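Enquirer: Listed below are the residues making up each chain.
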Amino acid sequence: MTGHAEKSAAFVANEDRAHWHDQSLWFVRSKRDKQASGIPEWEALREAASAIKTHTLSRLADYLEEFERNATANGIQVHWARDAAEHNAIVHQILASHGVTHLVKSKSMLTEECHLNPYLEARGIEVTDTDLGERIVQLRKEPPSHIVMPAIHLKREEIGELFHIELGTEKGASDPKYLTEAARSHLRSKFMGAQAGLTGVNFAVAETGGVVVCTNEGNADMGASLPRLHIACMGIEKLIPRAAHLSVFLRLLARSGTGQPITGYTSHFNGPVRGGEMHVVVVDNGRSRILGQETFRRSLGCIRCGACMNTCPVYRRSGGYSYGYTVPGPIGSILAPQRDPEKYASLPFASSLCGSCTDVCPVKIDLHHQLLAFRKVLVDLKAVPLQKRLGMAFAGFVLSRPSLYRLGGGLLRAIVPRLPRGLIYGSWNPWGIQREIPPMPQQSFRDLIQKEPS
Amino acid sequence: MSSRNAILDSLRQNVPPAASLPAPITTGIRFADPIKQFEETLTIAGGTLVRANGQQDLTSALAKIDVYASAAKIASLVPGLPSKDVDLSAIDDPHDLEGIDVAVLPGKFGVAENAAVWIPGETLTPHRAIFVIVQHLILVVPASEIVDNLHQAYERIQWIPNSFGIFISGPSKTADIEQSLVIGAHGARSCTVILF
Chain S
1 MTGHAEKSAA FVANEDRAHW HDQSLWFVRS KRDKQASGIP EWEALREAAS AIKTHTLSRL
61 ADYLEEFERN ATANGIQVHW ARDAAEHNAI VHQILASHGV THLVKSKSML TEECHLNPYL
121 EARGIEVTDT DLGERIVQLR KEPPSHIVMP AIHLKREEIG ELFHIELGTE KGASDPKYLT
181 EAARSHLRSK FMGAQAGLTG VNFAVAETGG VVVCTNEGNA DMGASLPRLH IACMGIEKLI
241 PRAAHLSVFL RLLARSGTGQ PITGYTSHFN GPVRGGEMHV VVVDNGRSRI LGQETFRRSL
301 GCIRCGACMN TCPVYRRSGG YSYGYTVPGP IGSILAPQRD PEKYASLPFA SSLCGSCTDV
361 CPVKIDLHHQ LLAFRKVLVD LKAVPLQKRL GMAFAGFVLS RPSLYRLGGG LLRAIVPRLP
421 RGLIYGSWNP WGIQREIPPM PQQSFRDLIQ KEPS
Chain C
1 MSSRNAILDS LRQNVPPAAS LPAPITTGIR FADPIKQFEE TLTIAGGTLV RANGQQDLTS
61 ALAKIDVYAS AAKIASLVPG LPSKDVDLSA IDDPHDLEGI DVAVLPGKFG VAENAAVWIP
121 GETLTPHRAI FVIVQHLILV VPASEIVDNL HQAYERIQWI PNSFGIFISG PSKTADIEQS
181 LVIGAHGARS CTVILF
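Protein chains in written order, with our numbering: chain S, 1 to 454; chain C, 1 to 196.
The set of hints was computed from the structure by calculation and includes no laboratory data.
It should be emphasised that the depicted structure is a prediction, and the values quoted were computed from it without experimental measurement.
Take the hints with a grain of salt, since some may be wrong.
Unchecked claim - Only some residues are given here: those of chain S computed to face chain C with a beta carbon under 7 Å: (1) Glu157; (2) Leu226; (3) Ser288; (4) Leu291; (5) Thr295; (6) Arg401; (7) Ser403; (8) Tyr405; (9) Leu407.
Glycine included, C-beta positions come from ideal geometry on N, C-alpha and C.
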């Protein structure tokens, strides 16, 4: 099975491009820092957000019932889906019962997770992703490579070429303003022709029975306010208790994600559009199982801002596709193996454990601690390659025997400098593929300390 | 068992230890001059601030806004400010709003820290799509209604069952092509806030 290292090989091989990708994301991370440092109570906000999420998760069933009650009173129809298949079937059933043939969608990582688009397309419904970045990757028949900036891996020339073929823009044109204008006109015709709009949910509020959706483009509002049918899909963890809590999360969300004080549009849908229908599909799909795991449940507090990706030295240098999961980066490397530990076993290792993700996380998820803890789970499950397991077992054996460790250290210091390069570097030493073994010191640290006058 | 009950049961079986709700945050960043801060933030968000000298000055303030002066079709939901070649009450299908150049909408209040203007859905009656489908947006907000931060903002909002409400901060924008900021993605190509 190909893991993160294999999947990132092609991306890493193109050094210029990998560097450009790294810089693009660091630019966003820097904007985040500027915003965060401009708010004196930033750390108190993170603390509050974390505490609100912890509380909500401790009473999630109660709050979901409260949400359902209030949403129903608002005239919203609430549906429950245990898994992706049920979610897709519910959405299709709603659309089919209204005779919908054209659906416009705004960003929803949940529907990516459930693979809703191919499910609906196979049943004759045209699905148009309307976030510009999502439309770009949809036209390229690719998934998003980042949860907030879906086309961050693409250069303007590639998008220009794509739009030339798909939307008839001038050949060779790559000006972002020109390309965005072309997309605006193309997508406006889609909005005008759609019979239903589907949105994700940034926050669902138990107290009001409504959902909040944040965009910069306004695409969620076009989709949710023009057609008479609005479907909002949410994971159960999107819930917060009170509307006043929105102030805490909204102050953090865009600042952390894109370095803006707030997104352009923050829409509070507490009922259907006039004369229309609104449906909310509440999805579990493995989340309640994560809730039962003490070490990993805090990952359910994630508000999908993308800050941990933007800051991650591994994500920045390997790209979103090397993770092979809907949500890449540090948070994805915890969520993915929850779903399938065998398939995503390499992801918790795709981290230097530097802790930068934990430092920027607006809800204070202990991301790098969870990544480390997951490695142990995977080793116990024998989901880690034999080579790595044997290496770890050997290291454990030696490190727990001081005399053996001293002997081994002495032998290595004496032998390694005399070995030909071909014997040290090879397929048996994956650590050395892009790294040089440091020069062997003359004496061990222990020798050094013992010679020091006490 | 219904999926609803299966999910709720599963959540109750996997319930974490009780954790109390933190005390509400009621204080946040304050600014010596909230209106100046609002203007600066709005400018960064791609919008423009215009000052009017009271309600009686709104008409002349509007006339100085290029997109307003040159608009063929204007929809106004601000009492006392007329629409032009648009009769919203005669429109049944919100798709027919397409083609309106400018919407002039009343904002309830503005937030200095993020240049967001709160628009309760009731003020958009009959078509809430009006704020996003028009080409240019003009929001009219009393200058006395600028709060410092979002905590104060949410304290002011009255939640009505079966309603809609939106914070708008600047025009529609995207940076999805190489992080280059482009104004005018799907919604308004410009957003002017008039403080009066």
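Enquirer: Determine for every hint whether it applies to the structure shown.
Expert: Results for each hint:
1. Glu157: violated, 10 Å
2. Leu226: This hint holds: leucine 226 of chain S lies near chain C, its Cβ roughly 5 Å from the closest one there, short of 7 Å.
3. Ser288: It holds, given that the least Cβ distance between serine 288 of chain S and chain C is near 4 Å, below 7 Å.
4. Leu291: Given a least distance of 4 Å, the restraint on leucine 291 of chain S holds.
5. Thr295: violated, 11 Å
6. Arg401: violated, 40 Å
7. Ser403: Not OK, violated: serine 403 of chain S not within 7 Å of chain C, min 45 Å.
8. Tyr405: violated, 41 Å
9. Leu407: Violated, about 48 Å.
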